[in-house]
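S.K.: Residue-level listing of the chains:
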Amino acid sequence: MYLQIKQLKKSYGSRQVVSDVDLSMEEGEILSLLGPSGCGKTTILRMIAGLVTPDAGTIEVGGRMLYDGKRAMAVEERELGMVFQDYALWPHMTVAQNIAFGLRLRRLSRAKITRRVDELLELVNLADFGRRYPNQLSGGQQQRVAVARALATEPRVILLDEPLSSLDAALRESMSGELVQLFKRLKMTAINVTHDQNEAMMMSDRIMILRDGEVQQVGTPQQLYLNPANRFVASFIGAANILPGEVLETDTNCVTLRLEQSIFGEQVAVGRIQEEVGQQSGDKVVLVCRPDDVCLHRTCPPDERKNLFAGTVLHTSFVGGRWRTTVAIGHEEPQTLVAFTTAAMNGQDRVWVELSPENCMVVPG
Amino acid sequence: MVPRQHRSVNSTSQISNGTEAHASVPLSFLPALRSGRAWARWGSRIGIIGVPILLLLLLVVYPLAAIILQSVFPDLYTDHPNLIPGLNALRDLTKNPANYLAFFNSLWLGAITAILACLIGTSLALLARRTDMPFRRSIDTLVWIVFFTPSFLVGEAWSLVCIRGGIPDQYFHFSDAFINWFFSPVGVIFILSLKTFPYVYLSVTAALHWLGSEFEDAAQVCGAKTWRAWWHINIPLLWPAILSAGLIAFAEALSDFGTAATIAQNANVTLITYQIYTAINTSPVDFSLAAALSLFLFVAIVLALGLQAAILRTRSFQVISGKNRPVRMLSLGLWKWPAVLFCFVIFALALLVPLGACLVLSLLHAFGQGLSASNWTLDNYQAVLMQGSDNLDSLGRTFWLSLGNATITMLVGLPIAFIIRRTQLPGRRLLSLITLVTIAVPGLILACGYIFAWNAPYLNVIGIGGVDGVQFYGTVWILLAAYIGGSLPYATRLGIGALEQVSSTMLETAQVQGAGLFQMLLRIVGPLLRSSLGSIWLLVFTNTMFELAASELLYPPGQPTMPVMIVSLFNDFKLGPGMALAMLNIALVIVAVVVIRFIPWGIQRMLAHNAQKERIHVSTDQAIKEELRVAAGRL
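Here the protein sequences line up with chains A and B, keeping their order.
Numbers 1 to 365, taken from my numbering, label the letters of the first sequence in order.
Numbers 1001 to 1635, taken from my numbering, label the letters of the second sequence in order.
With the rest of the complex left out, here is chain B (with noise of 0.2 angstroms):
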């Protein structure tokens, strides 16, 4: 080897100084790599880093701002900007009892909520790990369908199948009392219950992978029956993760707006997102009331959320040792088949009756017409798949969309991940914060920010909006941003759960090597988090494909998405219609999971028989649901 003295000049400022670096005499065959090239790497580090940022500060908190700043400075956005502070918002929201006892409903429903939602989802988890059941395994899958399943579909669903004059009705008579039982707060209540446990099963799921049995073994050594070893050790035990998801699942049940938008409006309870909805898109507009509104339901859910994560502080036992602990699964014995039926029942609920409703309708004629065999047809999907259809035209915006969100989101959640956990850069822990905050912004808070932050008057000084400036509000673009806006935290969040399992010492080599922030993303961490990269792309995917609520406010008019399309054939009453569309997006949301998951893993394990070789470092399908539940854990 060359000697290395003479490799390279005396110089303490290689970064900034290109032309003294060029003064270094390569003399081994490898080129210097510092060069001119510290130019370039500064410039891409600006990007990687900068670009993400001001994306989340223009989408995500600039328009969060704005609804504050609406509500107390209700003449800001008018054409006349002024910044005379008022609060009559506040004085309409505690004058006008449709407002306030929007409000409190949504609490009342949400509190009860939140406790159904515990029960099912403790009991489904400890069901699912902890016991000898029958079809426990696929208890996992089930719970990410429901996961995923739009609320305002299950709740519209059910509202078909306990309708008057509805399919089950034309066999079973249903009672009056039974129909103005379940179109009442109890039906609400239901269906939130229903999309909201699986929060806590996730929860808990991940509370019980790190608690094993020890405990309870120790309790039984000492002579307790397995029962009290339960109630008395692990129960108390799993309680932050209990009392933690219920808390996830009331701010869930706050900011729902499909269910608030289907059945919640058929039974006649006024939730405050629907509210929210209302004072926006019925004249007369009321935006400092919407923005008052939200300012209320956005600390509503912020207070729990922050009571979410002192909960999870303040545990006081230290169960989480990061070692997997043996666990042993209790013997059930006749009491399995009851527990079975419990499953099912929760379940048939919860995925089978409703999407089963969907699917049926979307085959029938006429609703009115029951089950009879010439009511049986394909007209409905075969009207929507119809060239230029209007249908088909909001199937395909809002498919173009979530592709577009998802990878924007993924490529840009990444850096950000990156560096709220890899880097030391100032200001990184704001950025961890205000994802966190946003994290809870439920769609329809954000996109009512949107109408206050990109349609104000004053963006036409800089040349958005107004007559002939770049239109952005109106347009297909803001819907993206509002998504982009809407998924970002929640990307990022994941992204850093995901880069917690890369050891440290993996990016350090990296960089020792040579690699700048650029080639270490693109090389190193990139690959090595595909997988879960490809789950958080999923994930952001399918949220889009079923978002309502932001796509009710900010839809470009006569461009309606999907979701807007559906409600509206549903309002409009052509079921059968907004059926097949709806069961064609579901359609499209499980060509992308084959897609992403499974043809890439079928293509490894052909390769993987074909050469011979063990497969490489590939995330099981399990890893990526574990990652994904410590995240959604976290959040």
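Excised from the complex, chain A in its bound form (with noise of 0.2 angstroms):
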């Protein structure tokens, strides 16, 4: 492994920001840390960057203790490249001189800098704008020169604190991809930090889900959200239709559970689990249904079908290409699913919903 993270602790105070987070990353691998604003992501990050100390645990980079438990190594001896959310480019120096500025530290000869500056430069897309100041710069742009200043020292990892929060939507886009590429193309390890989802998967090899400091899941953007671990990842990944329930009885790789008594009444319903997570009859889980995969029916099914629900349409907006659906199914205190169908409904209209056993998973709740 190149980079390994083991127990990492911190605490402020009694709050714990970060508990017993272990990581590792094969060298050229690209990972997002991903959660809610305050659940620890900047934190590790600052970590193995060493500009916060950690309590506890072990930080080892390319087979250099950057942090052993007791001892921390000097931020500036890490030998890390990071991109800072406001990007942090130095204002009274031009782009080159912010980028040659880790190679001047380094004492490099004049030529040997200036080649690799317009290398760097080349790289990113900016071959002209050495002489410019940051000032002179627009958002992407000012952001290109922040990625090549942190490559120029030829990082052993890459860190980027939000790097594309403060672009617009469009540029972010265009910029996480165009990221990505340099990234693979250098095969720079690096790790992301962001709060936006479709970011996370857009970049990343593998994706790390926190909560409150802790560790909920890693894996690829797609075990994510096929198989989420918990309630929690499976609403923080892509959007997600949730029913808390029960376990009645389990199969090998499906459960029966009970809706939530409340709102269903004696209602039973059915999902498959991973296998090697085994559930109890009587845990609490929940029925996890990506809006995609909710059939709405106009009249009711005449077989007998599993997981059909009588619900009343509440509203409907045209929403990329398809009308988004929002239905109120339950007695007491209705639940609302949401769902895309080709054609417009009309609110209060009744509907049958179908969210069917093989596209419903069941997880802890």
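In case anyone wonders, no lab produced these hints; they're calculated from the structure.
The beta carbon of each residue, even a glycine, is placed where N, CA and C say it ideally should be.
One or more of the hints may lead you astray.
[Stated by the list, open to error] Non-contacting residues of chain B with respect to chain A, defined by C-beta distances greater than 12 angstroms in every case (computed):
hint : residue
1    : 1144
2    : 1430
3    : 1512
[Stated by the list, open to error] Over the 12 angstroms line for every Cβ pair with chain B, so calculated as not near, a few chain A residues:
hint : residue
4    : 53
5    : 85
6    : 149
7    : 198
8    : 312
[As the list claims (entries may be wrong)] Facing chain B, from chain A, some residues (calculated, C-beta under 10 angstroms):
hint : residue
9    : 50
10   : 51
11   : 78
12   : 104
13   : 155
Fit chain to chain and form the complex, with the hints in mind.
M.R.: Right, dumping it as structure tokens:
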């Protein structure tokens, strides 16, 4: 493993911001730390950079101990690259001077520095911008300068602290693509902190999902989407309809659960589970179904079907070429589901909602 | 790129183990940063952090401690020091009416001064910031000039304006009643108010900057008239700023020496600062009395500033949001002319009359002959500037001392500010507290402490002073040290204020890129703050050029500084040369301002023009003023 973090802990006063985080990465891998604000993702990044000293644990990069539980290597000796949310370009230096800063500290010859700076400017498509000052660049250009500066010293790992969050939506998308291509081409190991699940899914080989300083799940974007480890991951990665309940009986990879009585009375539902997750009867679980997988029927299907609920249309809106429809199901305290339909429906229409069992996952609540 | 696994050995102690770090194989074209340079880095770190702190301790903390020790152990600084505590000094203080009356005089005059300063400063701030008064934009500059004008000059000039037989008297024939009225506590309060209202102005304009118009707008939407919206909404919101600035004005009035030595003497009002000076400078010298008085004065000032800090902390309304809020100007209508007149009168009293009087007097042969044509002359300037004159010597001495002090203070203050604001070093809070408390110390008290601390017989043991030791006390160097000690705390606080504006990510990036403390200060912090550093330099330079209190106590025999020289010329009634010298002093300051502020600005403009490119990140003068204002508000 190229980067290895073990049992990393950090607390501020009595508040545990990072607890027992383990992480290992291959060289050249791009990993995103994803979570809501305050989940500790930035703290983890800053601990790797050395800007925050952990309470316990180890950090090792490329065979060098950056933190061994007691001694922390000085920030300036860690040979990492970092890109900040606000880019932190030094306003009193030109683009070229900004990029050359780390090289000058390493006392390279002038010719080498010039060559390297040109190379990097070329790399980030800013070949003619070396003599400009940061305030003469657009947000996207500044961002690329920040990346070039971080790459200049050939870091072992590049750390990105919400690098795209101050760009507008369109630029964000194209920049994330550019960055991934660049890192892949250089076989650069990168850790990207973000709270935007789309950005994380577009950029990363793997994603680590954090909540309140604890790792919820680590996996490829596909794994996280298809097999979320729990309710939080399910709702954080992609849109999800979530119905709470408790396990009635389990089969090899299929679970029958009783939905919450206050909402659904005695109704049961069926969903699949991952084999390794053994669920005991009586466990609190949730049924997760992606809006794309929800079927709406205007009339009750004639044959016996599982997971069929009567509902009322609340609202429809035309989003992304389809009708996004919200439906209320259940009795006393109706629950809202989201589905996509090809035709518009009217509010108060009676519909039948089908959540086919093969598209439903049962995960811990 | 090169596989990075091979680039270094596994080492957990890169910092301390230089040899092992050498074993790393830099296959990349980049040499490894960590190496034997680690030692050099630690060395420079100690230099950057240790030396400034040592200076702070030696030049500020130690002399102040000496005052306290002297007032408790009266024999500590005698030839045979002992630690027998005695309270004779404090008893003297209560027994001799001259002493405690001086203290009470200072207190009540300071209190009235503070009230007047609040009225003047607040009115000016409101007029300048929230109305459409003509010329409102020039008020800022004028207030800054008032801020820098030395009080001894204003005090002396006003004494000469109102004196019997003075030039105005020759034309207007003042009544006895007027002259008696002016040369009384009234005149002292008058001068002190004119000197202290800038503190209130700066504080209130800073508060107004964050206040915005939305509160008064909301009140008006609810149906309040403009005056009612102001009276019930904005003034209460500004109260903390006004009150805290009033306390600063009070503290400044208490510690002012220039007024005490000029007009207060002419008016036979003894203030505590002058009493301290007398205790040391007239025989029999009474060091323990001076120490006790200093302690009292210091405690009074610290109490006032502590109260001020408490007011700022407990302000219950969160007006400060860090955002610039939209501001609506109040239309004055016909009232704008009385408003202009009010401002004109204030600045005429604070600047035009005293500086005009100085200029006129510096151009007159003899004071008594009035403004007749034959009385105008440049002889005074000629006499002062004559080769080898004492006056010229003192001018040069003060100039070099100011240059040295401003430069050293700036260089030493920045690392201390950096430690306090941007590092996690243990003890930084204590350091911050020290700079906060010592900022309140008047130059006179500090100088008093220097006399005890650096003339102490026990220093002979380590080779300082005595017959054959290194001479420090009584040389020009102790003066420089006292200047540094006096300006270091506020240079540090201003530096902290400036550092707040540098986003921490810029520094963190530099660190991640491999910059150590020294590199970071040299290449990132210094250049980013260059305009603030310029302001701090100018502030210290100007203050030192006009520094009177510490100079009076510490100047080496026969080598007076310029303010000392000017005052002694006044005392000998050599008004022409004294005023000429004062004018030269002012001219030097103006030259410094032009060199530091406007020439770089001009060059930058020219370069920008030639290269047809936008100006790079320049904190404009406006930004610097804002910065100083915020810092001044915080002090």
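S.K.: Hint by hint, note whether the structure agrees.
M.R.: To see whether the hints hold, each was checked on the structure:
1. 1144: holds (26 angstroms)
2. 1430: Nearest chain A Cβ is 21 angstroms from residue 1430 of chain B, so the label holds.
3. 1512: Its Cβ does come within 12 angstroms of chain A, the nearest being 4 angstroms, so this is violated.
4. 53: violated (9 angstroms)
5. 85: Violated: least Cβ distance 7 angstroms, not greater than 12 angstroms.
6. 149: Residue 149 of chain A not clear of chain B: closest Cβ-Cβ about 7 angstroms, inside 12 angstroms.
7. 198: Non-interface label stands for residue 198 of chain A: nearest chain B Cβ at 25 angstroms, farther than 12 angstroms.
8. 312: Consistent with the label, residue 312 of chain A stays out of reach of chain B, its closest Cβ about 43 angstroms off (over 12 angstroms).
9. 50: Nearest chain B Cβ about 8 angstroms off; hint holds.
10. 51: Interface hint status for residue 51 of chain A: holds (5 angstroms vs cutoff 10 angstroms).
11. 78: Since the shortest Cβ distance to chain B is 7 angstroms, the answer is holds.
12. 104: Interface hint status for residue 104 of chain A: holds (8 angstroms vs cutoff 10 angstroms).
13. 155: holds (8 angstroms)
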